[in-house]
Amino acid sequence: MEEGHPSANCPILPLQYVRSAERSGCSNRGPVCPMEPPLTEIARRVQSVLSAIRAAAEKCGRRPDDVRLVAATKTVSVDRIRMGIGAGLSILGENRVQEALPKVAALKQEPVRWHFIGQLQRRKVRSVVGLFELIHSVDSLELAQEIDRRAGEAGCLQDILLEVNIGGEPTKAGFRPDELASAIPTMAPLPHIRIKGLMTIPPQADDAESVRGYFRRLRELAESIAGQKIPGVTMDELSMGMSNDYGIAIEEGATFVRVGSALFGARYV
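If you read the sequence shown in this note's numbering, its first letter stands for residue 390, the second for the next number, and so on.
If you are wondering where the hints come from, they were derived from the structure by calculation, not from laboratory data.
It is possible that some hints are incorrect.
What the hints assert, rightly or not - Below, in silico cross-link-like pairs of lysine-lysine (DSSO-like), each with a Cα-Cα straight-line distance of 27 Å or less:
| id | residue 1 | residue 2 |
| --- | --- | --- |
| 1 | 448 | 585 |
| 2 | 497 | 585 |
| 3 | 513 | 492 |
| 4 | 585 | 618 |
| 5 | 561 | 513 |
| 6 | 585 | 561 |
| 7 | 513 | 497 |
| 8 | 618 | 492 |
| 9 | 513 | 585 |
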C-alpha cells in the first residue's frame, strides 16, 4: 500500500479552523451566528477547501479523486447547504437522525449523496439504513448486528465504517484497536452489511501536527486488517481529518475528510 499513500515530505497546510466546530453549530431556526459567513461566502469557501484537498493529495503523490470531501452539515440550514452544493459539494454528512431526515427530503432533487457521521443509537438504525450511502460511525458489534438486521428487513446492503477510538479516550465511543481482531471476524459474515474501512476522531489538540501519529496508526491498522484478507471486509476507506487537520489526514492516507466549520463557519448550539 505504499503507492498512493503520503510521503514524509508533504507540506502541512495552514488550516487554522478549530475541530470543535464540527461538533456544534448555530440553530437553523435562530439568527445567523456572528461567526457564520454570509451566504454568498459559502461558495468561495467550498472552492477553497476543494482546492486545498487537491493540492494536498497531489503533493503527496496521491490522485486527488482518491480523497473525497464530506461536508459536515449539522445545524446548517437547507439554503446554505444548497449554496454549497452549487459550488461543488457532492457528499453531505449528518450527525443527527431527526435533523437529517427533513434535509434529505428537502434536497432530494439535488445531485448529492448522504453519509451518516454522528453517533448512531440502535433505536434509530431503521431510519438510517438505506437512506445513507455510508455509515461512518459503527462503534460496536451490537450496532453492526442491528444495522444488518434492519438492512435485511429493508432488502438492502448497507456499507459501513468501523469507528476506532484510536486515542483510547474513555469519553469517546469506538472500538479499541486491539478489539478489532476479534470483532471483525464476527461482523464479516453478516449478510446485509459491508465493512469498507475505518473512521476515527483523534484527541483534541491545539497543534494539528500533534495528531499525525493517530492518523498514521489508523492507516497502519487498516493495512494490517487488509492483510488478513477476511472475506467480505475491505479497508479501502479511511475517514479521518476535520477542518483544522484535514491536510495532515490526507498526508496520512485519508480517503474521506469531514469538514464543517471551514465551509460554513463556526456554529454553536
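Quick rundown of the hints versus the structure:
1. 448 / 585: Status holds; Cα separation ~26 Å.
2. 497 / 585: Roughly 25 Å between the alpha carbons, so the hint for residue 497 and residue 585 holds.
3. 513 / 492: 17 Å, holds
4. 585 / 618: 13 Å, holds
5. 561 / 513: 20 Å, holds
6. 585 / 561: 22 Å, holds
7. 513 / 497: 21 Å, holds
8. 618 / 492: 38 Å, violated
9. 513 / 585: Status holds; Cα separation ~21 Å.
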